[in-house]
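**Q** So you can see what is in the structure, the chains are spelled out below.
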Amino acid sequence: MTLYKTKKTKIVDGIVFLLLTLGAIAMVFPLVYMVLSSFMTKGQILSADFSIIPNPWKFGKYAEVLFDRPEFLRGLRNTLLVAVPVLLVGGFTSSLAAFSFSKLRFKGKDKIFLGLLSTMMIPFAVVMIPQYVMFTKWGWTNTLWPLIIPGLFGNVGVIFFLRQNLSSIPSTLAEAAKIDGCGYFRIYYQIFLPLMKGALMTQIILWFMGIWNDYLAPTIFIQKDEWFTLQMVIRSFNSYYAVNSDYPLIMAASVLSLIPTLLLFFFFQRYIIESVAISGVKG
Amino acid sequence: MIESKVRREEHPANKAERQPEQKPSKGPAKKKMGRAALIEHRWGLAFVAPPFIGFLIFMAFPIVFAFVASLTKWNGMNNMLDRVVWFENYAKLLTDEKFWKVLGNTVIYMIGIPIGMVLGLVIAVGMNRKIRGIKVLRTLYYVPVVSSLVAVAILWMWVFNYDFGLLNSMIKFFTGQKGINWLGDEFWVKVSMIIFMVWKGLGTSIILYLAGLQSIPRDYYEAATIDGASSWNLFRHITVPLVSPVTFYLLITGLIGGFQVFVEVLVMVPTGGLDYSAATVVFYLYEKAFGSRQMGYGAAMAFLLAILIFIITAINFKAQDKWVKTLD
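Each protein sequence line maps, in turn, to chains A and B.
Under this note's numbering, the first residue of the first sequence is numbered 1, with each subsequent residue one higher.
Under this note's numbering, the first residue of the second sequence is numbered 1, with each subsequent residue one higher.
Worth flagging that the hints you see were computed from the coordinates, not collected in a lab.
Take the hints with a grain of salt, since some may be wrong.
[What the hints assert, rightly or not] Distance condition first, Cα-Cα at most 30 Å in a straight line; then the derived DSSO-like pairs of lysine-lysine:
#	chain 1	residue 1	chain 2	residue 2
1	B	135	A	10
2	A	224	B	73
3	A	137	B	73
4	A	111	B	322
5	A	8	B	73
6	A	42	B	322
What you are looking at is a predicted structure, and each value in this text was computed from that prediction instead of being measured.
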C-alpha cells in the first residue's frame with residue numbers, strides 16, 4: 001500500500017515538475033532571447049524568419065555600449081550618485097524612525113505613523129505635478145536632487161517593515177537599557193540597529209532595486225542627457241536607434257542593466273523572498 | 001553619559017520600583033508628563049522627525065497644492081490663482097470622451113489581475129511539494145519581477161513587433177501564416193499589454209501564494225482526505241479559502257497599481273496606440289500636464305484617480321469579511 005502510494009506520488013511529482021519546468025522556460029525565454037539577440041547581427045534580427053541562435057556570433061556590442069558610447073557609463077554614474085546617498089542616509093533615518101515608532105513612547109505616535117502610512121496609498125500621479133513645479137522653482141529640475149533629497153528623509157515602506165520586524169523583539173530590552181542610563185540614540189545604535197541588521201539589509205537591497213529600476217520620477221524631473229539615469233539611457237537608446245534598428249546594441253545595454261539586480265537577487269533571494277512573503281501574508 | 005546618570009534618578013520605571021503603588025505611565029498619559037517621560041517624548045519625536053518632515057514637504061504640501069491647482073486653468077508658468085475655475089475641470093473631465101476611454105483601457109488591463117492570481121495559485125500549489133530542484137524553478141519564475149521595467153518593456157516591444165518580432169516569426173514558423181499586428185491593433189494591443197503585465201508580475205503571486213500555502217496545517221488535508229474528499233474538493237474548500245488573505249492582498253495591490261499603469265505603455269506604445277487604444281489614465285494625465293501644459297486639468301485628473309483608488313480600496317476592505325478567511 002505505502003509502496004504503491006509513493007510510486008503514485010512519484011509519478012505525480014514527475015508530471016508536476018515537468019509542467020512547472022515548461023512554464024519556467026516560457027517565463028525566462030524572452031530574457032534568454034534578449035541575451036541571444038545581443039549577439040546577433042542586425043540582419044538576422046530584422047529577418048522575419050524564426051531563429052534564436054546567433055549566426056554568426058558577434059560580441060562587439062557590449063564593448064560598444066561600455067566604451068564607445070559615453071551615455072551608458074554616465075547613466076550608471078548618475079544612478080549610483082542617487083542610490084548611494086539615499087541608501088546610506090535614508091537607511092539610517094528609516095531605521096531610526098522605525099526604532100522610535102516601535103520602542104519609544106511619545107505623544108502623537110500613532111497619528112504620525114498613520115499619516116506616514118497613508119502616503120503609501122496616494123498615487124504618485126497626484127504629487128508629481130506639484131513636485132515638478134516645486135523642484136523647478138528651486139532649480140532642482142535637470143539635476144539629480146529631486147531623486148536624492150526626498151529619499152534622504154526615509155522610506156515609509158521600509159519604516160513599516162522594520163517596525164513590524166522590531167515588534168518581535170521584547171521591549172524589556174529597551175526598558176533595561178533605559179534603567180541602566182543608556183541614552184536613546186545609544187539604545188538604537190548599540191542594541192536595536194544590530195538586531196535589525198538583517199531586515200535592514202534586505203530592505204536596502206529592495207530599495208536599491210527600486211532606485212535602479214525607477215523610470216517615472218527621473219523622466220519627469222530630468223530632461224538633460226547629462227543627468228539621465230541608467231534606465232533613461234536605455235530608453236533613449238531604444239528611441240534613437242530604433243530608426244536605424246541597432247537592436248543588438250539596445251539589447252546589449254538592456255542585458256547589462258539587468259545584471260546588477262539579478263545578481264543581487266540570486267545572492268540574497270532567500271531574504272528577499274522571505275521579506276516579500278511577510279509583507280504579503282501579514283500585511 | 002553624566003547626563004543619563006542624572007536622568008536615571010528620575011525615570012518612571014525607577015520610581016515605580018520604589019513606589020509600587022504608583023502605576024508606570026503608559027504611553028502619552030493624559031496627566032502631566034514626568035521629566036523622564038518628557039525626555040523620551042522629545043527623543044521619540046526627534047527620531048521620527050526626518051520622515052515626518054519629508055512627508056510634509058514632499059507629500060502633504062503637494063497634495064494640497066494639487067487640489068488648489070485642480071480648481072484652476074493653470075499652465076505651470078502663470079500665477080496659479082489668476083484663473084480660478086472651481087470645479088470646471090472636474091465637470092469637463094466627466095464629459096471628456098478621451099478620459100472615459102483611457103479609464104476604460106485602464107480597467108481592461110486589470111483583467112490581468114485575476115489571470116495572474118489563478119496562474120500564480122496553480123503554480124504555487126504545484127511548487128508546494130517536496131520535489132528536488134523546485135527552488136531553482138521558483139527563482140526562474142521570479143526573475144521578471146526583479147528585472148527593470150524599462151528593459152523588459154523594450155524587449156517585449158520587439159517580441160511583439162509586427163514585421164520581425166519573435167512572436168510573429170514563431171507563428172510563421174509553425175503555421176506558415178502571417179502573424180498578428182500585436183501593438184498596432186486596437187484589440188491586440190490590450191492583449192499584448194495584459195500578457196506583458198501578467199508575465200512581469202506572476203512571480204510575486206507565486207511567492208505570496210506559496211507562503212500562504214505553507215501556513216496551512218497539514219492535518220486539515222489529512223482529516224478531509226479521511227472523510228473521502230477529492231483533490232478538487234480539497235483545493236476548492238480548503239486551499240482556496242485559506243489563501244484568501246493572500247488573494248485579498250494581491251487584489252488590493254493589483255488594483256492600486258493597476259490604476260497607475262503608465263511606464264509600460266510609455267515604453268511599448270509611446271503614442272498611446274492606434275486611436276489612443278493603449279493609453280491609460282496616467283498616460284493621458286502625463287500628456288496633458290507635461291505635454292500640453294494643462295497642469296490644472298492634469299491635477300484634476302490625478303485627484304479623480306486618487307479618489308477612485310481610495311473608494312475602491314475602501315469598498316474592498318469593507319467587503320473582505322465576506323470572503324477573506326483567517327486561520328484563527
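**Q** State for each hint whether it applies.
**A** Quick rundown of the hints versus the structure:
1. B:135 / A:10: holds (18 Å)
2. A:224 / B:73: holds (28 Å)
3. A:137 / B:73: The given pair, whose Cα atoms are some 19 Å apart, holds under the 30 Å limit.
4. A:111 / B:322: holds (29 Å)
5. A:8 / B:73: violated (71 Å)
6. A:42 / B:322: The hint is violated at about 56 Å.
In this structure, the earlier hints numbered 5 and 6 are contradicted, and the remaining ones agree with it.
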